[in-house]
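Keeping the supplied structure of chain P fixed, place chain D upon it in accordance with the hints.
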Amino acid sequence: MRTHNRKRAFIAIALIGLMMLSTLWAAGSQEQKKQEGPIEVTFWSLFTGGDGEFFDAMVDEFNRTHTDIVAKTDTVKFDNYYTKLTTALSAKNAPDVVVVHQSNLLGYVPRGVFLSLDDLLAKNNAPLDDFVAAPLEAVKYDGKTYALPLDVHALIMYYNMDLFAEAGITKVPQTYAEVIAAAQAVQAKTGAMGLAVDNTTATYKAYTLTRLFMSMLEQQGTSFLNADNSKANFNNVAGEKALKALVDMVQVHKTTPAGLDYDGAVNAFRLGKAAIHFNGVWATGSFEKQTGLNFKAVGLPPMLGKPAAWSGSHTLAIPVQRTQDPAKLDAALTFILWMTEHGDMWAKAGHIPTRHSVYEKESFTSLPHRKDYADAASFAFAPPATPAWEEVYSTTSDMLEYAVAKNQNVKTALQAMETKINSIIASY
Amino acid sequence: MAIPGNKDTRDGIIFALPFLLVYLVFMVFPLGFGLFISFFNWDILSSGAFAGWANYRRLFQDELFFSSLWHTVEFVLITTPVLMVLGFSMALLVTGNSPLRKVSENVFFIPYILSMTVVGTLWAWLMQRDYGLLNQIVRQLGGEPVGWLTNPKQAMWSVGIATYWWTAGFNMILFSAGIKQISKEIYESSQIDGANYFQTLFRITIPLVKPTAALCLILQVIASFNVFGQVYVMTGGGPHGRTRVLTQYIYEAGFRYFKMGYSAAMAYMLFLIILVISVIQYAALGKERS
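Taken in sequence, the protein lines are chains P and D.
Residue numbers for the first sequence follow the working numbering, so the first one is 1 and each next one is one higher.
Residue numbers for the second sequence follow the working numbering, so the first one is 1001 and each next one is one higher.
Isolated chain D, as found in the complex:
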């Protein structure tokens, strides 16, 4: 394999070095530093005081931590299943024979290119209770205006809807890559055997796209657990803290209230939760495959 006289390892390191340096400084170091400061009371600006496990103990007594965690879980449950189904359905459409295939691929993916702030602001205005477009339509149809973002029962769903629109395109790309990998011969032979569309879908496409679905599910759950921007821009955590998610509380504790240590401790709790869930998912899905 190795060409004589070539130092592959050394050259490899040199080529990877620029990236590695950035990665070490901006990823590995902050990760370690975050863990370090979670054991301190530190306000960024002055030097910190060692706090031991105090930040972690406090978190278990903090109602706001638990309510924010619950709101995050709620968001994961609201978004994950729908985004999976939506992404898969879109992928079916763009990999099929429909004449709209090319157009819809672009239409589905374009929202994902937009920045979070743009998407959040856009949907916040569409959903504004008194002057938003959605309620104008509701009024035209003779309905009562809906408090999309201001009604505590609907606010999280509204954030979910904006998220569907924003990120379903990404899942579509994953799923369509998975579908395109399925060998054409399988479809051809099933056609010769006279299988109809739904038989092909349920007997061939879905079983063979399972590894992609597993990957997609894990990525989606992680992404949903880390939700921040949509909530921050659209509802500001309101009404009365009803949609405050954990990442938002972490952000507020750290950068608005200057409780960096406490903020880092909560971030590490979130990390642990995501880690455990991902490992369980990975193990469960892996077992199924073998």
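So here's chain P without its partners, still in its complex pose:
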């Protein structure tokens, strides 16, 4: 009886052990497979919806034209990309290449989880001078390069040509006064919305307000934060002018409805019910698909001075691994360089390429709209390089949204923002 029992217990434990082992086995055999045949480069990307299909097409093309390297995504699309990425990076089992926004990249870099690419780039003779200077500069931290920019996605201006014609506007508005005048003319003559700018958070945060605010500061020759990114730098005349421009749009000129959220703004323009729309270049793709929408996309007008536009950038970075295989690193870099070199395929999603050579390709110049705003890359600026940026960015968006919604006195609003932003930066 006793031995029988012991046998049963043993079988039970053995079975449990076997179940656990088999999962380990599966993981182990995957590791082994990588040694034979072409080198496998795994990557994660955060593109869903519209962008995603173009990115997948590029990866397919890469795999078709390369026999020695296979690029593979080892996961499905994420609900929450950065949470997964952070945990993977901390466990040092992130894939070989990851897509990271430039603004997020700099939050990670000081933690030493991304490989500094300078040696690898030199070893492989990477054509760095083919890259547009501003986005390449934006992926550097303390003088070292931590990623290569895949694109620039700047804030641009979309306008509806039919509504402009109906309102008798022949010149593309450049100054703030001209933008407002055009918007008001359209509203008076056609009844359509003048200026579709999202100013309220619903499913998306009202980031457009921060992007415009930062752009308007740069247009006046000043920046959102001070030179070493340690303090807010907007509680001044330039800041007052920029914030007033945003508040007045809604509260004084009434060219933008209060309570307009991102979906509302995008759809108003897409359905031809708004004359002017400020948004990132990524909206181009969906506007193009809309039949009957006759629009133009141009660089952000220099509303308060010289040309300057907020921009983000998708970058490709290499996470630090427990053991770094040199052959794999070369393959990863080959993949990254190939992706940036084929920015014409990526431009179909609306993004601006980062390589000079792409601008000359027929396949790029033949795309509609893209070249109209391609020069935006030359006056695009990147968000400040500070680990505090994510928190500063979302807090600023909340506070600008509040100021616009409540028609706050600009001095009071800027004072409160300055105090808050400084305390956030100090907490890092």
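Worth flagging that the hints you see were computed from the coordinates, not collected in a lab.
Hints may be right or wrong, so weigh each one.
[What the hints assert, rightly or not] Below, in silico cross-link-like pairs of lysine-lysine (DSS-like), each with a Cα-Cα straight-line distance of 25 Å or less:
#, chain 1, residue 1, chain 2, residue 2
1, P, K406, D, K1153
2, P, K406, P, K420
3, P, K254, D, K1184
[As the list claims (entries may be wrong)] Residues on chain D that point at chain P, a partial pick, calculated with CB under 8 Å:
#, residue
4, L1045
5, S1046
6, G1048
7, A1049
8, F1050
9, G1143
10, T1150
[What the hints assert, rightly or not] Some, not all, of what chain P presents toward chain D, calculated at C-beta under 8 Å:
#, residue
11, Y82
12, D263
13, E391
14, A405
15, N409
Virtual Cβ for every residue (Gly too), placed ideally from N, Cα, C.
Just chain D now, with coordinates in the frame of chain P:
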């Protein structure tokens, strides 16, 4: 009780072992680890620095912590009473004699099966101010479009409405189980005595379903305090942070701003608050019963 030669305890442990291991690794360990890191400044990616009580001290000076906590309490107050009444009313309908009983049981419960993301996205679009279905109806009826999710006065209620639709079915299941446990004889004898529907409802059903109601209330308050998904998907905490709840702030502090220690400290404060409220509820309701 025990069969001779049978080692019940040992066998019990062996059978529970697979679950226990998972439970230890994914529940008990994170709980302890969370408390541990709340005393550190840690960004997940590099090694942390001991901070003592600094994270807890900072929390008491953080306006955003208090406003988020208040929004959470607001959500609890908005949802709990309605969900209790709604769940009970639904349970009455599905345990009664109505011919729609079977259909309505399914209709009421199906939303609960859907994932939070699906429910949130669905309601966010229904409530979209300019193109949502609800405002289309409002316009048809000649009204002004409502800023369901964009008006600071209504946003939290709108999230509440989506939550009613989503989770009332769960309370219904609890309540209908409670109602079904009431012995049929009590109803029969009251019928013989000539009691009408409302007399039966208020004199028999409600008093006898009280233990279930107590359980339901405690579970509901805990669930509402932990609200996250609906708010995150539907309003993103907006307009201008008006619906940012504490769990959202905890999530943002930890996984977006990399302040894991501070995030854990806030999570433990929330845990303490829920613990105290649950104990008070339990004691109060228990006293009433005895």
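Consistency of the hints with the structure:
1. Of the supplied pair hints, the one linking P/K406 and D/K1153 holds, its CA atoms being roughly 13 Å apart against a limit of 25 Å.
2. For the given pair, P/K406 sits about 18 Å from P/K420 by alpha-carbon distance, which is consistent with the 25 Å threshold.
3. A distance of roughly 66 Å separates the Cα atoms of P/K254 and D/K1184; the hinted pair therefore is violated under the 25 Å criterion.
4. For D/L1045, the suggested interface contact is upheld, since its CB lies about 4 Å from the closest CB of chain P, less than 8 Å.
5. About 5 Å separates the beta-carbon of D/S1046 from the nearest beta-carbon of chain P, less than 8 Å, and the hint is met.
6. The beta carbon of D/G1048 comes no nearer than 12 Å to any beta carbon in chain P, farther than 8 Å, and the hint placing it at the interface is violated.
7. For the restraint placing D/A1049 at the interface with chain P, the shortest Cβ-Cβ distance is roughly 13 Å, beyond the 8 Å limit, so the hint is violated.
8. Using the Cβ-Cβ criterion of 8 Å, the hint placing D/F1050 at the interface with chain P is not satisfied: the shortest such distance is roughly 17 Å.
9. At about 15 Å, the closest approach between the beta carbon of D/G1143 and any beta carbon in chain P exceeds 8 Å, and the interface hint on this residue is violated.
10. For D/T1150, the interface hint holds, since its Cβ comes within 8 Å of a Cβ in chain P; the closest pair sits about 4 Å apart.
11. Against a cut-off of 8 Å between C-beta atoms, the interface hint on P/Y82 holds, since the closest Cβ of chain D lies about 7 Å away.
12. Hint status for P/D263 relative to chain D: holds, with the closest Cβ pair at about 6 Å, below 8 Å.
13. Hint on P/E391 holds. Least Cβ distance to chain D is approximately 4 Å, under the 8 Å limit.
14. With 8 Å as the threshold, the beta carbon of P/A405 comes within range of chain D, its nearest partner Cβ sitting at about 6 Å, so the hint holds.
15. With a cut of 8 Å, the hint placing P/N409 at the interface with chain D is violated, because the nearest CB-to-CB distance is about 16 Å.
In this structure, the earlier hints numbered 3, 6, 7, 8, 9 and 15 are contradicted, and the remaining ones agree with it.
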